[in-house]
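Take a look at the letters that make up each chain.
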Amino acid sequence: MTFPSLTLGTQPEYFHPAYGSSAKRSPRQALILLPQSEAELSGPVFGAHEVSETDSDLTHSMGGEAIGERIIVHGTVRDEQGRPLPHILVEVWQANATGRYKHQNDQHDAPLDPHFTGCGRMLTDAEGRYRFVTIKPGAYPWRNHHNAWRPAHIHFSLFGQGFLSRLVTQMYFPGDPLLPFDPIFNCVTNERAKQSMVCQFDWAATKPEWALGYHFDIILRGNNATPFEHQMGAH
Amino acid sequence: MHTIDPNLKQFPTPSQTVGPFYAIGLDYLNRQIGGEYRITGKLTDADGAGIPDALLEVWDSKNQAFARIPTAADGGFTIESQAFDFLNVHVLMRGLLRHVHTRVYYPDAAKNNADAVLNAVPATRRATLIAQGSGQHLTWDIHMQGAAETVFFTT
Numbered sequence: 000m001t002f003p004s005l006t007l008g009t010q011p012e013y014f015h016p017a018y019g020s021s022a023k024r025s026p027r028q029a030l031i032l033l034p035q036s037e038a039e040l041s042g043p044v045f046g047a048h049e050v051s052e053t054d055s056d057l058t059h060s061m062g063g064e065a066i067g068e069r070i071i072v073h074g075t076v077r078d079e080q081g082r083p084l085p086h087i088l089v090e091v092w093q094a095n096a097t098g099r100y101k102h103q104n105d106q107h108d109a110p111l112d113p114h115f116t117g118c119g120r121m122l123t124d125a126e127g128r129y130r131f132v133t134i135k136p137g138a139y140p141w142r143n144h145h146n147a148w149r150p151a152h153i154h155f156s157l158f159g160q161g162f163l164s165r166l167v168t169q170m171y172f173p174g175d176p177l178l179p180f181d182p183i184f185n186c187v188t189n190e191r192a193k194q195s196m197v198c199q200f201d202w203a204a205t206k207p208e209w210a211l212g213y214h215f216d217i218i219l220r221g222n223n224a225t226p227f228e229h230q231m232g233a234h
Numbered sequence: 000m001h002t003i004d005p006n007l008k009q010f011p012t013p014s015q016t017v018g019p020f021y022a023i024g025l026d027y028l029n030r031q032i033g034g035e036y037r038i039t040g041k042l043t044d045a046d047g048a049g050i051p052d053a054l055l056e057v058w059d060s061k062n063q064a065f066a067r068i069p070t071a072a073d074g075g076f077t078i079e080s081q082a083f084d085f086l087n088v089h090v091l092m093r094g095l096l097r098h099v100h101t102r103v104y105y106p107d108a109a110k111n112n113a114d115a116v117l118n119a120v121p122a123t124r125r126a127t128l129i130a131q132g133s134g135q136h137l138t139w140d141i142h143m144q145g146a147a148e149t150v151f152f153t154t
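Chains as they are written, first to last, in numbering that gives the first Met the number 0: chain C, 0 to 234; chain P, 0 to 154.
Heads up, some of the hints might be wrong.
Unchecked claim - Mimicking DSS-like on lysine-lysine, the simulated pairs with C-alpha atoms at most 30 Å apart in a straight line are:
(1) C:Lys101 to P:Lys8
(2) C:Lys206 to C:Lys135
(3) P:Lys41 to P:Lys110
(4) P:Lys41 to P:Lys61
(5) P:Lys8 to C:Lys193
(6) P:Lys41 to C:Lys23
(7) C:Lys135 to C:Lys193
(8) C:Lys23 to C:Lys193
(9) C:Lys135 to C:Lys101
Since the hints were made in silico from the structure, they are not lab data.
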């Protein structure tokens, strides 16, 4: 049993000239093909002790409520065969409504929100579903090129069936006018793969008088019919 | 609404950079494998400068143990580990749209000379995957580029 190899153009190349900081940090030598073994097909398993109920609500912090457009983000995490992946650790982080991160190195001249840390996490349920409530992040400038702005996005980090399933990605919003100009979003040449990073507005998930819903499904590398025995139960 | 066309192959969601502010979401899970071995090293860029805003994730499949280790201000890092043949390592950082995958081997010449993965690596680059030293205190640097660029794998 091995994972299928990745289809050319559906994942970014390491050196992407339009993304300036890839120049000195991306490998230039040919990658070496590693035969997949149990050492890579297995991976860490996380359990309920890594997350608490409140970790999936990013709108309350330090005894107050965050400012901005409240949204619900939900979806299903699947493997390449479309099988839902239960009990997967999903970690998210993002800028606040003004486009500012709560991080000492973020010098963007936009206000911090004392009631928004921008950090969340959760486990998928038995059907592979996750859901969290947050504030829609703002766009923000960066210095990659003249007048460069990142489109609004939420960072996602996921652990799947094995070490090779590891994924860190970003979720974008539909209709964002900055998307065509963003070298990070556009690093993927396969159009269908690229558009899979854009969530969809979800009327059914929208809660009247409360919050807009967005749907974002994620596919992780892997296709095991039978997980390794040690991965069967969360511990 | 969100629909999946069953006639189209579904690709794994593309990777995007972890960015400079990953600590907001990921720091809570910083942890070591733990054990009496210390692998210390430095992560450097094309100019040989230390990379201060990177993250190492280590998988020790033998002991089913995971480590998440941010690099220090000078690019330095320490992996605390149990006895090992090799560890699988992911490196994530701003500038990498997709994490790189490498391995660090324990400096056991007899074992390593017989290792199929090491033998598939050009001899001139093999040393980039093997920690130096002996006993429990080892050193291993990761070079993203340059003459001593570390071997990175594709799977």
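Now the hints, each set against the structure:
Our distance criterion of 30 Å between C-alpha atoms is broken by C:Lys101 and P:Lys8, whose separation comes to about 39 Å. Distance restraint check for C:Lys206 and C:Lys135: the Cα-Cα separation of roughly 15 Å lies within the 30 Å cut-off, and the hinted pair is therefore satisfied. With a C-alpha separation of about 25 Å, the suggested pair P:Lys41 and P:Lys110 falls inside the 30 Å cut-off, and the hint holds. For the given pair, P:Lys41 sits about 25 Å from P:Lys61 by alpha-carbon distance, which is consistent with the 30 Å threshold.
A C-alpha spacing of about 14 Å is found between P:Lys8 and C:Lys193, which places the hinted pair at or below 30 Å, so the restraint holds. At roughly 16 Å between alpha-carbon atoms, P:Lys41 and C:Lys23 fall within 30 Å of each other, so this suggested pair holds. Between C:Lys135 and C:Lys193, the direct Cα distance comes to roughly 21 Å. Compliance with the 30 Å bound is thereby established for this hinted pair. The hinted pair formed by C:Lys23 and C:Lys193 meets the criterion: a straight-line CA distance of about 24 Å does not exceed 30 Å.
A hinted pair counts as satisfied when its Cα atoms are at most 30 Å apart, and C:Lys135 with C:Lys101 qualifies at roughly 15 Å.
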